[in-house]
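Number of protein chains: 2
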Amino acid sequence: MLYLVGLGLGDAKDITVKGLEVVKSANRVYLEAYTSILTVGLDTLEKFYGREVKLADRDTVEQDSDEILDGADIEDVALLVVGDPLGATTHTDLILRALEKKIPYKVIHNASIMNAIGCCGLQLYNYGEAVSIVFWEENWKPESFYDKICHNRKNGLHTLCLLDIKMKEQTTENLMKGRKIYEPPRFMTVNQASKQLLDIIQNRVKSECEKGELLKDTICVGVARVGSDAQQIVTSTLEKMVNVDLGGPLHSLVIPGNTHEIEVEMMKQFVIHSDVNLNSLIK
Amino acid sequence: MLYLVGLGLGDAKDITVKGLEVVKSANRVYLEAYTSILTVGLDTLEKFYGREVKLADRDTVEQDSDEILDGADIEDVALLVVGDPLGATTHTDLILRALEKKIPYKVIHNASIMNAIGCCGLQLYNYGEAVSIVFWEENWKPESFYDKICHNRKNGLHTLCLLDIKMKEQTTENLMKGRKIYEPPRFMTVNQASKQLLDIIQNRVKSECEKGELLKDTICVGVARVGSDAQQIVTSTLEKMVNVDLGGPLHSLVIPGNTHEIEVEMMKQFVIHSDVNLNSLIK
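Protein chains in written order, with my numbering: chain A, 409 to 691; chain B, 409 to 691.
What the hints contain is simulated information worked out from the structure, not anything from laboratory work.
These numbers come from a predicted model, not from an experiment.
Check before you lean on any hint, since a few could be wrong.
Identical chains share a label here; the pair holds if one copy fits it or two copies do between them.
[Stated by the list, open to error] Subject to a maximum C-alpha distance of 25 Å in a straight line, what follows is the list of computed DSS-like cross-link-like pairs (lysine-lysine):
{"id": "1", "residue 1": "676", "residue 2": "514"}
{"id": "2", "residue 1": "455", "residue 2": "549"}
{"id": "3", "residue 1": "676", "residue 2": "509"}
{"id": "4", "residue 1": "648", "residue 2": "614"}
{"id": "5", "residue 1": "619", "residue 2": "588"}
{"id": "6", "residue 1": "676", "residue 2": "510"}
{"id": "7", "residue 1": "549", "residue 2": "509"}
{"id": "8", "residue 1": "421", "residue 2": "603"}
{"id": "9", "residue 1": "619", "residue 2": "556"}
{"id": "10", "residue 1": "514", "residue 2": "421"}
{"id": "11", "residue 1": "576", "residue 2": "624"}
{"id": "12", "residue 1": "510", "residue 2": "588"}
{"id": "13", "residue 1": "574", "residue 2": "462"}
{"id": "14", "residue 1": "556", "residue 2": "585"}
{"id": "15", "residue 1": "432", "residue 2": "455"}
{"id": "16", "residue 1": "432", "residue 2": "421"}
{"id": "17", "residue 1": "455", "residue 2": "603"}
{"id": "18", "residue 1": "510", "residue 2": "562"}
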């Protein structure tokens with residue numbers, strides 16, 4: 409059996425009781441280590457589980473999946489995934505490859521940022537499409553996420569912005585020369601995401617403001633390390649968010665659409681600047 | 409401390425290790441029993457936890473929250489919630505009332521249908537706004553969910569349809585007479601939801617079909633008891649879904665928007681009618 413076990417978002421103890429039983433009894437256990445991270449490392453997990461856990465990077469999960477699936481028709485193999493295992497199609501793809509080999513699978517779900525973002529007070533049912541904000545490069549500055557946020561806002565919906573993660577980047581030089589030397593991991597902060605959004609706002613100066621359009625004083629919510637003991641949430645304006653220090657990864661940014669009073673009351677708990685006023689949000 | 413502990417979606421063992429520690433050590437433990445249900449009952453939970461758990465219905469959580477919050481400033485009180493605690497604003501409201509009384513709170517997240525729906529193979533990031541399909545009554549047949557589904561489809565997005573739950577309904581007679589006699593709980597099935605959607609489609613016969621519009625042969629995915637050992641998933645047409653038996657609650661329905669090949673491959677695993685063909689979904 410191939411088990412896909414969600415680890416939740418915080419530390420080792422955010423695994424479910426069912427998931428822990430699988431980890432303890434499986435023949436082999438892999439930790440998927442490129443789509444997200446916990447606040448604890450592999451050592452802590454191995455200690456908590458009392459067993460060896462192999463790191464599986466993107467190549468192992470996506471190309472060399474035979475290693476993971478080897479023998480899973482007769483024994484139990486577990487792939488641990490931070491958050492919930494089925495957020496992205498990466499793991500759906502692994503399931504399809506398992507099914508091709510007649511290997512049965514089971515998913516043990518857990519919290520992911522897609523539902524735990526409820527912590528900022530905005531109702532989950534009022535979110536539109538989630539967007540990914542990617543690191544801009546010198547010659548590649550996509551803006552599609554901005555338009556999706558505005559589109560959600562025009563429809564009164566909140567937007568969860570997932571911020572870029574670069575886990576095993578190679579410099580162009582190393583890539584060209586085929587050297588497997590990787591840069592240190594990079595995680596986009598709420599500051600960087602806000603800065604990119606402000607740059608887009610500035611590029612699109614218009615005579616009139618359209619409904620839903622983002623402005624530098626649009627209220628937003630920055631979150632860091634959701635679900636962990638070190639969770640931080642700040643409500644502020646997009647402009648001020650550029651300078652808010654939310655500490656280590658992972659960060660996410662939420663741009664509200666239409667808000668209800670109770671949502672605003674909750675967001676108020678996280679205001680840190682005395683001149684930021686949320687009353688404008690209540691219709 | 410007020411703890412809001414997510415129980416996940418399946419059975420007693422879907423609680424996290426962290427959540428279980430809280431349940432075992434808290435002074436009082438309540439189970440919120442009206443927004444969702446597990447596949448196991450209160451008895452099973454009490455046995456698994458080795459302690460007493462009080463049932464908290466809508467009145468207790470929403471109006472008589474003083475009972476739950478009583479003493480939570482000096483001792484630990486846990487409210488257990490099926491799925492994740494912060495999906496709906498009901499529990500945000502309880503947090504606000506706790507904060508008013510200077511009671512600190514902590515949320516222990518878990519899987520909810522909002523992320524576990526990834527099990528049907530459609531990528532979470534491509535969902536638009538979720539909709540609630542409510543039980544129609546003789547003189548009240550809202551159709552707004554239909555329009556939201558079409559709106560999502562027009563934008564290429566999938567829709568998760570949450571199906572109605574009636575937990576402590578009173579007949580009009582009992583309500584008028586102030587008798588606290590409640591009807592048995594009702595959970596909308598995928599059949600009922602599909603039937604209501606088909607009725608709307610029939611009501612809106614048009615000469616031309618608009619982009620994104622639902623038709624009786626639109627492919628959809630019915631899911632039941634997601635995350636439990638008794639999970640069932642069926643891909644079929646809306647029309648055929650009216651007669652698919654997915655067993656006991658809870659059910660949800662997914663209407664795909666634009667689909668990628670890998671999403672379609674996964675959906676194919678759940679086709680039960682030989683004349684249902686998903687190839688039309690691949691653009």
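Hints, one by one, checked against the model:
no.: 1; hint: 676 x 514; in the structure: between (41 Å within a copy, 17 Å between copies)
no.: 2; hint: 455 x 549; in the structure: neither (42 Å within a copy, 56 Å between copies)
no.: 3; hint: 676 x 509; in the structure: between (52 Å within a copy, 16 Å between copies)
no.: 4; hint: 648 x 614; in the structure: within (22 Å within a copy, 50 Å between copies)
no.: 5; hint: 619 x 588; in the structure: neither (48 Å within a copy, 47 Å between copies)
no.: 6; hint: 676 x 510; in the structure: between (52 Å within a copy, 15 Å between copies)
no.: 7; hint: 549 x 509; in the structure: neither (41 Å within a copy, 48 Å between copies)
no.: 8; hint: 421 x 603; in the structure: neither (35 Å within a copy, 43 Å between copies)
no.: 9; hint: 619 x 556; in the structure: both (13 Å within a copy, 19 Å between copies)
no.: 10; hint: 514 x 421; in the structure: both (21 Å within a copy, 15 Å between copies)
no.: 11; hint: 576 x 624; in the structure: neither (33 Å within a copy, 47 Å between copies)
no.: 12; hint: 510 x 588; in the structure: neither (34 Å within a copy, 54 Å between copies)
no.: 13; hint: 574 x 462; in the structure: within (20 Å within a copy, 46 Å between copies)
no.: 14; hint: 556 x 585; in the structure: neither (38 Å within a copy, 51 Å between copies)
no.: 15; hint: 432 x 455; in the structure: both (12 Å within a copy, 23 Å between copies)
no.: 16; hint: 432 x 421; in the structure: both (14 Å within a copy, 15 Å between copies)
no.: 17; hint: 455 x 603; in the structure: neither (40 Å within a copy, 52 Å between copies)
no.: 18; hint: 510 x 562; in the structure: neither (47 Å within a copy, 37 Å between copies)
The structure is inconsistent with the numbered hints 2, 5, 7, 8, 11, 12, 14, 17, 18, although it conforms to all the rest.
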